[in-house]
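K.L.:
Spelled out, the chains give:
There are 2 protein chains.
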Amino acid sequence: MMHQIKIAIDLDGGDLGFEPVIEASISFVESHPDATLLCYGVRESIASIKKRYPNKIEDRIELIECDEAVRMDDKPADALRRKKASTMARGIEAIKDRYAHAFVSSGNTGALMLLSSVTLKLIEGVERPAIVTMLPGKKTPFLMLDLGANTECTSENLVQFAKMGNFLAKDLLEKEHPVVALLNIGEEHHKGHSTIKDASEKLRASELNYRGYIEANEMFSGTVDVVVCDGFTGNIALKSIEGTAGLIKVFIQNILMSNLFYKFLAIFTLPVLAKLRKKMDPRRYNGAMLIGLNGIVIKSHGSSDATGFRAALDIAYKESKSDILNKISRNIS
Amino acid sequence: MMHQIKIAIDLDGGDLGFEPVIEASISFVESHPDATLLCYGVRESIASIKKRYPNKIEDRIELIECDEAVRMDDKPADALRRKKASTMARGIEAIKDRYAHAFVSSGNTGALMLLSSVTLKLIEGVERPAIVTMLPGKKTPFLMLDLGANTECTSENLVQFAKMGNFLAKDLLEKEHPVVALLNIGEEHHKGHSTIKDASEKLRASELNYRGYIEANEMFSGTVDVVVCDGFTGNIALKSIEGTAGLIKVFIQNILMSNLFYKFLAIFTLPVLAKLRKKMDPRRYNGAMLIGLNGIVIKSHGSSDATGFRAALDIAYKESKSDILNKISRNIS
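As they're listed, the protein sequences go chains L and U. So the first sequence is numbered by the working numbering: it starts at 4 and just counts up by one. So the second sequence is numbered by the working numbering: it starts at 4 and just counts up by one.
Careful: at least some of the hints might be erroneous.
Since copy identity is lost for identical chains, a pair holds within one copy or between any two.
Stated by the list, open to error - Once the Cα atoms are required to be at most 27 Å apart in a straight line, the calculated DSSO-like pairs of lysine-lysine come out as: (1) 324 / 86; (2) 282 / 266; (3) 266 / 278; (4) 54 / 141; (5) 330 / 53; (6) 173 / 54; (7) 194 / 124; (8) 78 / 200; (9) 278 / 194; (10) 141 / 278.
Hints are computed from structural coordinates only; laboratory data are not their basis.
Take the sequences, apply the hints, and build the full model.
P.N.:
Structure (structure tokens):
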């Protein structure tokens, strides 16, 4: 008999409600016969789902009624103290109680971070959890962490992020010896602030395939698999990437609407843009992992649609099947 | 009689040699009858220029022979101590000695920063100089600083950058009350590290049109004119933008080469891409200003061609005609 993978999910975390989540769930269980989903939702959501998808909800999608949901504007500390039976809290507890291998939520990032850390605890030896995601590159995708869990980091934190990223890259990018680099403002060893320099020395002495510093414009070149930085820097880089992609989209739209000649060209340009949009589609890269915890917690984008949420479920599935937590635990402590 | 604008330039700073510099100079003086250029170059460059452009070098392009040039791989401290008669050192001295209103170089950024600071001194009340540049936005361009002069900053540094950026935006963007924002990883007031929070409080109490925090993906939206951050963060953001633009270019190229259908579409797509390339052309935004010094120093990109260097000269000209240094000086101290 196949080993069953159980993934807990938050039906009521995201901006778009339960609909994209349940649709992603249906498509997910259809393609993974060894997977079961535990769906935590509030009473109204569960009732609507039962009514709207009467024939589609099968054995492998369990609906679990909860008292309440964490809202996007809830303060993390309030979500922890006052909403003990929220869809998010109960989903995370399912990992702790060994009902589920992983938890996926599109909800409040700060709350997800805090609740996961308190409930699951950090892997022994890990000082801080990190948020990690996959990003597209010119040749191959790469992983980047931390993306915002830790505004400030010590050099030891950065070294631990590098080690965790290394194991994740082996799984998700299927690289045997992932190339790891520190994000910095120059490649020369005297560049950057003391925390980075210190982390660089430690990484050079580690067993990792450490390449040295990488500049933000070189991340996409395909020469590195794991880019390590503090959460402030990672968040700035990630959002600069997002912003630039949006800017270029607007530029192209403006050009295509600028006069009759370009409007004519637009007819021929659209298939190219459609393919570009698909290639750049952030939904393909949806599903940031909260790494460093005793459990697999995946943060899906707050406004994920079904395609996006499905991508996050696929990451949760892949990580659940792998031995990632043990690998990290064996190698950090 | 018109007030003559004199701009000193470094013929031998950039990666591409003096050629793009002298070509930009010729086109520049042709369109600015009130401008004279003082061109500092090594003996060989001056000799080549005299030979190759015998009829084009007119009265308003003065060629000045120097002993040596600062190289891209020279350490800033070495450039300062050992190369006292370099093209860069003498060009900066021309400002100090009131021969020139501004200096433009494509050379070594660290050396340019150090030599300018030592020779020109900081404006009274300014603690740190900053590197500022114009970036394209969805509707209008905006200014961003610091882009790498200061790896670490105090909140007071950030406030001063905001004030300097404000006056520069009035000149370069022609805005009466530029909107100033601090780059951060969230818009909520509790986000970010203590230096940013502290700077935000100070800016809120200042006379500036301060908007609060802005996230990196929102910079391009047209809602802000001046984005303020420390040099590390600014450099990461700037290079993430550059890298993303390069990534998208590669994606488009790959799509257009992917099969016969797309190769056919390429014929119609090329005019659109040509226009996009023009719109995104980093040369249009070339010319970062070193601000906070008693003099106008413009850093042109290391590999600027004639178009790029010309853009940097235009900024130097615009700033030379304005009262920017006095405005900053009156308002900081």
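K.L.:
Look at each hint and say if it fits the structure.
P.N.:
These are the hints, each one checked on the structure:
1. With identical chains, the CA atoms of residue 324 and residue 86 are never at most 27 Å apart, being 31 Å at best within one copy and 62 Å at best between copies.
2. Taking the closest pair of Cα atoms, residue 282 and residue 266 come within 27 Å of each other both inside a single copy (24 Å) and across two copies (18 Å).
3. Taking the closest pair of Cα atoms, residue 266 and residue 278 come within 27 Å of each other both inside a single copy (19 Å) and across two copies (13 Å).
4. Taking identical chains as interchangeable, the C-alpha atoms of residue 54 and residue 141 are never at most 27 Å apart, the minima being 46 Å within one chain and 44 Å between chains.
5. In this assembly of identical chains, the alpha carbons of residue 330 and residue 53 never lie at most 27 Å apart, being 40 Å within a copy and 68 Å across copies at closest.
6. In this assembly of identical chains, the alpha carbons of residue 173 and residue 54 never lie at most 27 Å apart, being 43 Å within a copy and 60 Å across copies at closest.
7. Taking the closest pair of Cα atoms, residue 194 and residue 124 come within 27 Å of each other only across two copies (24 Å); inside a single copy the shortest separation is 35 Å, beyond that limit.
8. Taking CA atoms no more than 27 Å apart as the test, residue 78 paired with residue 200 passes between copies only; the shortest distance there is 18 Å, against 35 Å inside one copy.
9. In this homomeric assembly, residue 278 and residue 194 never come within 27 Å of each other (Cα to Cα): the closest approach is 39 Å inside a single copy and 37 Å across copies.
10. For the identical chains of this complex, residue 141 and residue 278 are neighbours both inside a copy (15 Å) and across copies (23 Å), given an alpha-carbon limit of 27 Å.
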